[in-house]
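K.L.:
Okay, here's what each chain looks like letter by letter:
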Amino acid sequence: MLIGMKNVSDGELMKAIATGSAKAFRELFSRYSSLVLGYGRRMVKDQGLAEDVSQEVWMRVVRAAPTYQDKNLFRAWLLNIVRNTSLNLIRSRSHFDFKSEFNENEVGFSKDEVESLFSRNRELKKVKQLIEELPDQQRLALVIWLSEDVSYEDLAQQLETSVSAVKSLLFRARSTLEQQLKGDA
Amino acid sequence: MSRQDWLNDDPSDKHKNAVENAILPELKKMSEDHRSERAWRWLIALVPVGAAAMAMWWVQNNDVQQNETVEPEFLAMAEVDELVSGDELELLEDLEMFEDLEDLESWNS
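Those protein sequences? They're chains A and B, same order as listed. Here our numbering is used: the first residue of the first sequence is 396, the next is one more, and so on. Here our numbering is used: the first residue of the second sequence is 2, the next is one more, and so on.
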């Protein structure tokens, strides 16, 4: 069995979880619980709901363990579950219209641009707060786009809207964050 | 701030316990399912071994019966061999008879 689990791959842990190993689950949870909770929190903007999302995600992970394919990149697979669980929760609670008005001149930007915007601001708590203060559509588009390896097309599909609308949402989100972070600098 | 630090939130102990309490019964069930599946796999793997053992037993058992019943057949076959040998002997005697050409010519006339 998996005695020292620190060096065991995520895929091996999933195989052990499929046999009912609580030890393997605890190791996997310790590796990714912050990411799952944080991504959920950035998405749903509420600590209680984020914890609901987290619990649901971990249940899905455990149930999927017997059929999990190790060829998948675990982190990407996990973030995919967090995103879908969060979006389902958001959609069940409110109606989001991602096909809101958009301006064709508002185009996308590189992920590094936003990441560097964050890195210039050393106050992590402030960055998280500013993201939560973004309008819902902008926040969801920005968080998914920055967290996962998705293209504009993928993101548009996830949010059930057009590529132009996604670019517009991202542009507005970035502009708002930039202004806020400059104001605080 | 390292890349994607903004994405992580450390869970509280309360949340960790809540997740564990929700997950542990599921893991227990999966463990039982896994054991049951493994037991079935063993049983299925044993089927050919059992079939081979039964086949060997049958062959051994059948050999004993064959020894009892086949033995007279071997005797009968031996008798046939003896008959064939007898015919061959007669044929050889005939051929020896034709070896003498004069005998053959006298035969033709």
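The set of hints was computed from the structure by calculation and includes no laboratory data. Some clues are possibly wrong.
What the hints assert, rightly or not - Cross-link-like lysine to aspartate or glutamate pairs, in silico, EDC-like; alpha carbons within 20 Å at most:
| no. | chain 1 | residue 1 | chain 2 | residue 2 |
| --- | --- | --- | --- | --- |
| 1 | A | Lys466 | A | Glu548 |
| 2 | A | Lys410 | B | Glu38 |
| 3 | A | Lys520 | B | Asp11 |
| 4 | B | Lys15 | A | Glu451 |
K.L.:
All hints, please: hold or fail.
P.N.:
Structure-based check of all given hints:
1. A:Lys466 / A:Glu548: 24 Å, violated
2. A:Lys410 / B:Glu38: Holds. Lys410 of chain A to Glu38 of chain B sits at ~15 Å (cutoff 20 Å).
3. A:Lys520 / B:Asp11: 13 Å, holds
4. B:Lys15 / A:Glu451: Holds: Lys15 of chain B and Glu451 of chain A sit about 16 Å apart, inside 20 Å.
Of the numbered hints listed earlier, the single one contradicted by the structure is hint 1.
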